[in-house]
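Residue numbers are given in the UniProt record's numbering: position 61 of the sequence shown equals residue 61, and the series is strictly consecutive.
No lab work stands behind these hints, which were simulated from the structure alone.
Glycine included, C-beta positions come from ideal geometry on N, C-alpha and C.
Ranges between beta-carbon positions, derived for each pair:
1) 28 with 207: 41 to 47 Å
2) 116 with 27: 21 to 27 Å
3) 164 with 58: 42 to 48 Å
4) 197 with 12: 29 to 35 Å
5) 89 with 174: 45 to 51 Å
6) 214 with 31: 41 to 47 Å
7) 107 with 204: 18 to 24 Å
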Amino acid sequence: MVPLSFEAIDRTIELNGAAVALNRRAFTWGRIAAASPQTLQKLDGNARPAAALSETLDELIEHRFQDLIAYQNIAYAERYRALITRVRSAENGLSSTGEELTRAVAINAYRLMAYKDEYEVARLFASPEFKASLSEQFAGLKKISIWLSPPLVSRIDPATGRPQKRKFGPWILPIFNVLARLRGLRGTALDVFGYSTERRHERHLIRDYFSQVDGLCTALTINSVTHAVELASLPQEIRGYGPVKAAAIKNYEQRRAKLLTGLSEKQVTNNVVLSGDTK
Numbered sequence: 001m002v003p004l005s006f007e008a009i010d011r012t013i014e015l016n017g018a019a020v021a022l023n024r025r026a027f028t029w030g031r032i033a034a035a036s037p038q039t040l041q042k043l044d045g046n047a048r049p050a051a052a053l054s055e056t057l058d059e060l061i062e063h064r065f066q067d068l069i070a071y072q073n074i075a076y077a078e079r080y081r082a083l084i085t086r087v088r089s090a091e092n093g094l095s096s097t098g099e100e101l102t103r104a105v106a107i108n109a110y111r112l113m114a115y116k117d118e119y120e121v122a123r124l125f126a127s128p129e130f131k132a133s134l135s136e137q138f139a140g141l142k143k144i145s146i147w148l149s150p151p152l153v154s155r156i157d158p159a160t161g162r163p164q165k166r167k168f169g170p171w172i173l174p175i176f177n178v179l180a181r182l183r184g185l186r187g188t189a190l191d192v193f194g195y196s197t198e199r200r201h202e203r204h205l206i207r208d209y210f211s212q213v214d215g216l217c218t219a220l221t222i223n224s225v226t227h228a229v230e231l232a233s234l235p236q237e238i239r240g241y242g243p244v245k246a247a248a249i250k251n252y253e254q255r256r257a258k259l260l261t262g263l264s265e266k267q268v269t270n271n272v273v274l275s276g277d278t279k
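Please model the entire structure based on the sequences and the hints provided.
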């Protein structure tokens with residue numbers, strides 16, 4: 001729940017001055033969806049059952065694999081697929097456990113790998129889908145302004161502790177096109193954006209997660225798989241940008257350390273039980 005009145009949020013939308021009518025409609029439909037999701041299904045004659053909308057595991061993996069090709073390149077996407085193959089093989093080696101761990105890793109590895117950096121923001125703004133969306137939602141649009149807070153040039157707002165957003169005119173769009181084409185520099189020595197603290201943390205999270213998942217696969221047992229799923233799902237708690245994301249990462253690392261301790265204790269207990277059974 002949002003701890004603000006409807007009037008306060010509506011007034012904020014009005015004062016913001018950006019697509020007021022559209023944002024008011026979105027907020028209204030969001031309230032309806034939260035209070036009575038079945039109402040939306042009744043209004044939408046083409047609505048399909050939730051089960052029909054869900055992806056199979058193979059579809060989920062392939063969708064994210066293709067996204068990562070667009071995000072970076074085929075080699076980057078292959079790293080993702082190799083990890084999923086490793087997990088699936090380990091999980092299928094157990095009996096009657098399903099593929100919950102594979103699904104958790106497929107979702108969360110992608111979440112970490114597809115972090116929104118300057119190259120990705122540029123790619124999304126430069127995409128034909130974005131331009132088509134603008135034309136559809138804002139017919140007759142003459143001029144646009146884009147508010148951004150690039151880490152390397154944004155000042156910190158002393159009141160909020162967050163980077164201040166700056167307004168950029170339509171001249172920024174051709175720069176997005178160029179920057180999107182340079183995404184192959186991501187993570188290399190020539191990646192000027194990659195030297196920021198936030199970007200280094202994001203790359204560290206990916207390396208750490210891959211190492212963690214490899215360890216989970218090596219020691220995976222029927223008794224530890226539930227704990228492993230919980231651990232592999234933790235990245236879904238990392239949200240936001242700047243200080244908000246930094247705080248989420250800190251909380252993630254604390255929870256991760258606690259779960260790893262619990263998993264280690266469970267493995268020790270299992271080893272003791274197994275040793276006792278062999279006597």
